[in-house]
Amino acid sequence: MTQSAQLFLLLDELQQELHKKQLWQAERPSQSALNSTQPFAVDTLNPEQWLQWIFIPKIRTLIEQNANLPTGFSIAPYFQQAWQGQPDYRSVVMITQKIDEAVKSC
1 MTQSAQLFLL
11 LDELQQELHK
21 KQLWQAERPS
31 QSALNSTQPF
41 AVDTLNPEQW
51 LQWIFIPKIR
61 TLIEQNANLP
71 TGFSIAPYFQ
81 QAWQGQPDYR
91 SVVMITQKID
101 EAVKSC
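Heads up: the sequence shown begins at 1 in this note's numbering, then just goes up one per residue.
These are computed hints drawn from the structure, not numbers from a lab.
Take these hints with a grain of salt, some might be off.
Unchecked claim - Here are the simulated BS3-like cross-link-like pairs (lysine-lysine), alpha carbons at most 25 Å apart as the crow flies:
#	residue 1	residue 2
1	K20	K98
2	K98	K21
3	K20	K58
4	K58	K21
5	K104	K58
6	K58	K98
To be verified - So the derived label-pair ranges between C-beta atoms look like this:
#	residue 1	residue 2	range
7	S36	Q15	27 to 33 Å
8	S91	Q31	18 to 24 Å
9	N66	S30	16 to 22 Å
10	A67	Q38	20 to 26 Å
11	M94	M1	16 to 22 Å
12	R28	Q86	22 to 28 Å
13	D43	N66	30 to 36 Å
14	A26	R60	16 to 22 Å
15	A67	D100	15 to 21 Å
16	E101	R60	14 to 20 Å
17	K104	D12	18 to 24 Å
18	P77	Q25	30 to 36 Å
We put the beta carbon where it would ideally sit given N, CA and C, even for glycine.
Please take these sequences and the hints and turn them into a complete structure.
If you want it as structure tokens, here you go:
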């Protein structure tokens, strides 16, 4: 399995886990909220919104277009911090850690 294929599967796993934890949202945030220039859109989006509406679609698009994936980033620490008081979300954080590892090897 290629590294891009592995990352694509991890994105699917992340989406499924967000659904399972009832973090997946039916309503899209406003365009102005999505246009935030802050890391993780911390000023306009909740952590799960950033995953759903920005991260997952962006990385999927890059993979589908065979574009270069971003390197040198790590998203798991943000989610560990943001959800430190939410033990139910530990499984989501673990998937972000797997994504970080997969990106390092791309």
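Now the hints, each set against the structure:
no., hint, in the structure
1, K20 <-> K98, "holds (18 Å)"
2, K98 <-> K21, "holds (18 Å)"
3, K20 <-> K58, "holds (22 Å)"
4, K58 <-> K21, "holds (22 Å)"
5, K104 <-> K58, "holds (17 Å)"
6, K58 <-> K98, "holds (17 Å)"
7, S36 <-> Q15: 27 to 33 Å, "violated (21 Å)"
8, S91 <-> Q31: 18 to 24 Å, "violated (31 Å)"
9, N66 <-> S30: 16 to 22 Å, "violated (31 Å)"
10, A67 <-> Q38: 20 to 26 Å, "holds (24 Å)"
11, M94 <-> M1: 16 to 22 Å, "holds (20 Å)"
12, R28 <-> Q86: 22 to 28 Å, "holds (23 Å)"
13, D43 <-> N66: 30 to 36 Å, "holds (33 Å)"
14, A26 <-> R60: 16 to 22 Å, "holds (19 Å)"
15, A67 <-> D100: 15 to 21 Å, "holds (19 Å)"
16, E101 <-> R60: 14 to 20 Å, "holds (18 Å)"
17, K104 <-> D12: 18 to 24 Å, "holds (20 Å)"
18, P77 <-> Q25: 30 to 36 Å, "violated (23 Å)"
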